[in-house]
Amino acid sequence: MVEGFSRRKLLSLEMAKGENGRDNMQIDGHEPRQANAVYEEFNANYLKAYYGKLFPHAEMFKWMSYGNDGKHPACDHSYFGRREFSFTLDNDIYLRFQSFNNATELENSIKEKCPVKIDIGPVYSVDPAKRHAYAQSGDNVFTPVERELVFDIDMTDYDDVRYCCSGADVCLDCWPLMTAAIKVIDIALRDDFGFNHILWVYSGRRGVHCWVCDGRARRLTNEQRAAIADYFRVYKGNDNSQKKVSLMGPVLHPFLARSYTEVLRAFFEEKILSGQKLFATAERFEKILETIPDESIASELRGKWMESRRSSIAKEDINVIRWEQLKHLLQSGKHKAQGLRRCVEEIVFSYTYPRLDMEVSKHMNHLLKAPFCVHPKTGRVCVPIDPEHCEEFDPTGVPTLSSLLDELNSGGQGAEIDNELDRTSLGKSVRFFRSSFLQPLLKSCKEDMESSYNRKLQQSKNSLNW
Amino acid sequence: MEIVRSQSKITADAVPTLPLYRSAPALEVRLEDFELFAIDRLRVLRGISDALSRGKKPEEMEKLVKDLWKANMRHQNASEVINKDIISHFVLRLVYCRTEELRKWFLSMETMLFRYRFRFESLDAQRALMGEFDLPYKAVSNAELENVKEKLGQVARSISQPLPTADTTFFKVPFEEVPDLVSGRRVFILKGYAYVAMNQVVSLVVTQFRSLLSKALVLTNRKWTSTIREQEKDRLAPIVEALSTSYIGPDYSQPKGCAEISIRDIDQIANSSFPLCMRHLFEKLREDHHLKHGGRMQLGLFLKGVDLKLDDALAFWKAEFSQKVGAERFEKEYAYSIRHNYGKEGKRTDYTPYSCQKIISSTPGVGDHHGCPYRHFSEENLRTALGKMGVSGRTAEEVMDKVRNRHYQLACTLTFEAIHGSSCDAGINHPNQYFSDSQKILQSKKNETS
Ligand SMILES: [Zn+2]
Chain A
-16 MVEGFSRRKL
-6 LSLEMAKGEN
4 GRDNMQIDGH
14 EPRQANAVYE
24 EFNANYLKAY
34 YGKLFPHAEM
44 FKWMSYGNDG
54 KHPACDHSYF
64 GRREFSFTLD
74 NDIYLRFQSF
84 NNATELENSI
94 KEKCPVKIDI
104 GPVYSVDPAK
114 RHAYAQSGDN
124 VFTPVERELV
134 FDIDMTDYDD
144 VRYCCSGADV
154 CLDCWPLMTA
164 AIKVIDIALR
174 DDFGFNHILW
184 VYSGRRGVHC
194 WVCDGRARRL
204 TNEQRAAIAD
214 YFRVYKGNDN
224 SQKKVSLMGP
234 VLHPFLARSY
244 TEVLRAFFEE
254 KILSGQKLFA
264 TAERFEKILE
274 TIPDESIASE
284 LRGKWMESRR
294 SSIAKEDINV
304 IRWEQLKHLL
314 QSGKHKAQGL
324 RRCVEEIVFS
334 YTYPRLDMEV
344 SKHMNHLLKA
354 PFCVHPKTGR
364 VCVPIDPEHC
374 EEFDPTGVPT
384 LSSLLDELNS
394 GGQGAEIDNE
404 LDRTSLGKSV
414 RFFRSSFLQP
424 LLKSCKEDME
434 SSYNRKLQQS
444 KNSLNW
Chain B
55 MEIVRSQSKI
65 TADAVPTLPL
75 YRSAPALEVR
85 LEDFELFAID
95 RLRVLRGISD
105 ALSRGKKPEE
115 MEKLVKDLWK
125 ANMRHQNASE
135 VINKDIISHF
145 VLRLVYCRTE
155 ELRKWFLSME
165 TMLFRYRFRF
175 ESLDAQRALM
185 GEFDLPYKAV
195 SNAELENVKE
205 KLGQVARSIS
215 QPLPTADTTF
225 FKVPFEEVPD
235 LVSGRRVFIL
245 KGYAYVAMNQ
255 VVSLVVTQFR
265 SLLSKALVLT
275 NRKWTSTIRE
285 QEKDRLAPIV
295 EALSTSYIGP
305 DYSQPKGCAE
315 ISIRDIDQIA
325 NSSFPLCMRH
335 LFEKLREDHH
345 LKHGGRMQLG
355 LFLKGVDLKL
365 DDALAFWKAE
375 FSQKVGAERF
385 EKEYAYSIRH
395 NYGKEGKRTD
405 YTPYSCQKII
415 SSTPGVGDHH
425 GCPYRHFSEE
435 NLRTALGKMG
445 VSGRTAEEVM
455 DKVRNRHYQL
465 ACTLTFEAIH
475 GSSCDAGINH
485 PNQYFSDSQK
495 ILQSKKNETS
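Chains A and B are the protein sequences, given in the same order. By my numbering, the letter at position 440 of the first sequence is numbered 423, and the numbering carries on one by one without gaps. Adding 54 to a residue's 1-based position in the second sequence gives its number in my numbering.
Incorrect hints may have been included.
As the list claims (entries may be wrong) - Not everything, but these chain A residues come out facing chain B in the computed CB check (under 7 Å): (1) Asp175; (2) Phe176; (3) Gly177; (4) Glu206; (5) Gln207; (6) Ala210; (7) Asp213; (8) Tyr214; (9) Gly232; (10) Pro233; (11) Val234; (12) His236; (13) Pro237.
Stated by the list, open to error - Capping the alpha-carbon separation at 30 Å, the derived lysine-lysine pairs in BS3-like fashion look like this: (14) B/Lys158 - B/Lys412; (15) A/Lys439 - B/Lys269; (16) B/Lys111 - A/Lys227; (17) B/Lys456 - B/Lys110.
As the list claims (entries may be wrong) - A few chain A residues that don't get close to chain B, going by computed Cβ distances all over 10 Å: (18) Ala27; (19) His40; (20) Ala41; (21) Asp73; (22) Val128; (23) Asp140; (24) Cys154; (25) Trp288; (26) Glu342; (27) His346; (28) Lys352; (29) Gly410; (30) Glu433.
These are calculated hints, taken from the structure and not from any lab test. We put the CB at the ideal spot given by N, CA and C, even for glycine.
Given only the sequences and the hints, what does the whole structure look like? Please build it.
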């Protein structure tokens, strides 16, 4: 799409101009304070328009209501009102424990306050805005009762295994790490844990969020959440120590074995190996050789690779060649030792296995940024990612605040309001959200409600008969 | 449960060795047993809690729980053992139902105790217990097992367990019921269901036990606040209220052994053998020539416990206080209470030296110096105080780490170990224990050198 390309180009100029107030094309992370203010003001106007015309308020309300906004007698009409939202305003004011009774209240508040960030918290036992009134009564009445099971994966946690960028940046060479993470976690959530209503969202900059919304997931206790997070954990030691994969036991647990054969091995060999040039320099391959417990094998490989540096005229990628040599040596018949065969797997896991922010998943009352927010630093919208086609997702092609407003403005004056969203490139994302996530979710909420209601009815009938 | 004062005979129906405490038993309990049994069980639970916070491994825990149970829960009358078990549990339910924090502690300690006791039971007894819990899980049929056989074998090998055989029973349960097995990847999970092998059912049973007890505690709390507290305000309520902070180690109210201390040596002894809480009070008293009531009680009873005689105590307090308030006011306002602490008079008030539990749970206000420094000092003040005791560097960091995790007694124990260069496996539970352990070590060092 030539048109789209040029628009993006234009946008990056605009953003640059906005960020430091001068006609300067460089964008860096350290804008001077004053210039930042200029940018935020600029941004705030755009945001107002975004919340006014494009943000899917109705869909967010429908989602967060989980069917309780209907007319069914089993609906809990207090449900949506007990959900915590929190807003970050553009002057760094942070409003926690916001709650709304209905779709209109939510929409009006967002439009009025124009938050740079909206976070979603748990559903509490009572309206979080009135928590102080309940605090008087002594016992813990104000407590989280439901919360989606959430995961937060951030590219900065991969800085020791990516050579293309670091920190806040992402590119198409490192993004496959996120794709692999989505695949591994998504498959396990569905096949192992039996969850069906899973929403993956681009975090707007360098990572992804996952929302598991099945009733069963929402009702998990902290202990159960921690258990799931630990099920996914393969790194030993704490976060301060070097990230080190340790795959214990004579064979892999079926979950790890499947992740390896169905996702990680192929990602490693087809994307990461060459994309990150893992064996291209001595410094890089040394890092891998370090993990081989058998010193003689490591030095045999080292010798080979130091030598081949001079005579490398081979057409094939040097990274692929060296990886094959390493595999061959470690898996060949003479090195049957368990630890060495496991070593190949450990290298693949080290470079590709998802790195989760465990704390986010373990606690019900952890806040997480809402989908369709605009990332204040990149201007990109936090759009859903289709896990089935996540390898096609391109973070650099995500609609941004200004590209969307350009699209709006370039449309003819005559267009009806209803179609405004559809006219922009965000329309596709909202349609995906509706059809692939929201509709199936609400359908199953309705069914759950119906069946639990009938069960109760049956029970009360039985007790009457008795 | 019926509580009687008389020595009447206790009767009970037959109950299995590991009770599930589903409902309060129809037992008659003597008031003395009510308290004594509870204290014995409390010793077990506190022992578990202490071992857990010291990071003991599962194998060590298993042995420890066995020993604790044997040491404390016996009864001279074999047929009474089970009654003691049940009664003590229900008394402690009352004691620990009263706040969220107490409930949480009791719930985890009882669950831990149950977990290990369940593992001591025979396979048949374990099956019987599962039956009693009414677990809705049926053994997985052979046909279904056939489909997942390979995966089950894979899991067993991944955790270095023997391969399941044809007659290994598996239960298919929602994964939520066995969080510990899920987190360790110790089960095969398919579409939300975990395949739990017979030798893993302890996890299932424990989850059930925990959730039943958790609900029961909330109910007990309701009953306690709505009726029991009022009905029993003269009889059980005081016992119940005292039990949760009660000290259950050796009795330090009657000082024994050791050399008597006299006021002449007191500064030197304070420096070598007082725990930080007492050292702090002592220094403040020397500095300000005054201590508020909480401080006078905490230090005064401690000094009584280390065998400072009444006359010496009076002289000691007088020497300080009279510098501030004058000798006359001291005699009038303070001397009485010191005599009182050494207690001829007084009714039900507790004049035994304060235990760590009691000191830690006190709430010092402005101008107070009592309480537990590990709990009540700011991080900076605590660091300085530790430094003055010669504890710094890595040891100080370890102490601070325990403090951050709210293991104040362990922090004190580490300090003790650092100062004395000698381990203290029992842990510090009482300032007077700190003192006497310290004196013992110093004495033996003295003997070695001479
Ligand atoms: Zn990159």
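These are the hints, each one checked on the structure:
{"no.": "1", "hint": "Asp175", "result": "holds (4 Å)"}
{"no.": "2", "hint": "Phe176", "result": "holds (6 Å)"}
{"no.": "3", "hint": "Gly177", "result": "holds (3 Å)"}
{"no.": "4", "hint": "Glu206", "result": "holds (5 Å)"}
{"no.": "5", "hint": "Gln207", "result": "holds (5 Å)"}
{"no.": "6", "hint": "Ala210", "result": "holds (4 Å)"}
{"no.": "7", "hint": "Asp213", "result": "holds (4 Å)"}
{"no.": "8", "hint": "Tyr214", "result": "holds (5 Å)"}
{"no.": "9", "hint": "Gly232", "result": "holds (4 Å)"}
{"no.": "10", "hint": "Pro233", "result": "holds (5 Å)"}
{"no.": "11", "hint": "Val234", "result": "holds (5 Å)"}
{"no.": "12", "hint": "His236", "result": "holds (4 Å)"}
{"no.": "13", "hint": "Pro237", "result": "holds (5 Å)"}
{"no.": "14", "hint": "B/Lys158 - B/Lys412", "result": "holds (19 Å)"}
{"no.": "15", "hint": "A/Lys439 - B/Lys269", "result": "holds (21 Å)"}
{"no.": "16", "hint": "B/Lys111 - A/Lys227", "result": "holds (23 Å)"}
{"no.": "17", "hint": "B/Lys456 - B/Lys110", "result": "holds (15 Å)"}
{"no.": "18", "hint": "Ala27", "result": "holds (41 Å)"}
{"no.": "19", "hint": "His40", "result": "holds (33 Å)"}
{"no.": "20", "hint": "Ala41", "result": "holds (31 Å)"}
{"no.": "21", "hint": "Asp73", "result": "holds (36 Å)"}
{"no.": "22", "hint": "Val128", "result": "holds (15 Å)"}
{"no.": "23", "hint": "Asp140", "result": "holds (20 Å)"}
{"no.": "24", "hint": "Cys154", "result": "holds (34 Å)"}
{"no.": "25", "hint": "Trp288", "result": "holds (33 Å)"}
{"no.": "26", "hint": "Glu342", "result": "holds (15 Å)"}
{"no.": "27", "hint": "His346", "result": "holds (14 Å)"}
{"no.": "28", "hint": "Lys352", "result": "holds (27 Å)"}
{"no.": "29", "hint": "Gly410", "result": "holds (35 Å)"}
{"no.": "30", "hint": "Glu433", "result": "holds (21 Å)"}
Going through the hint list in order, the structure satisfies each hint without exception.
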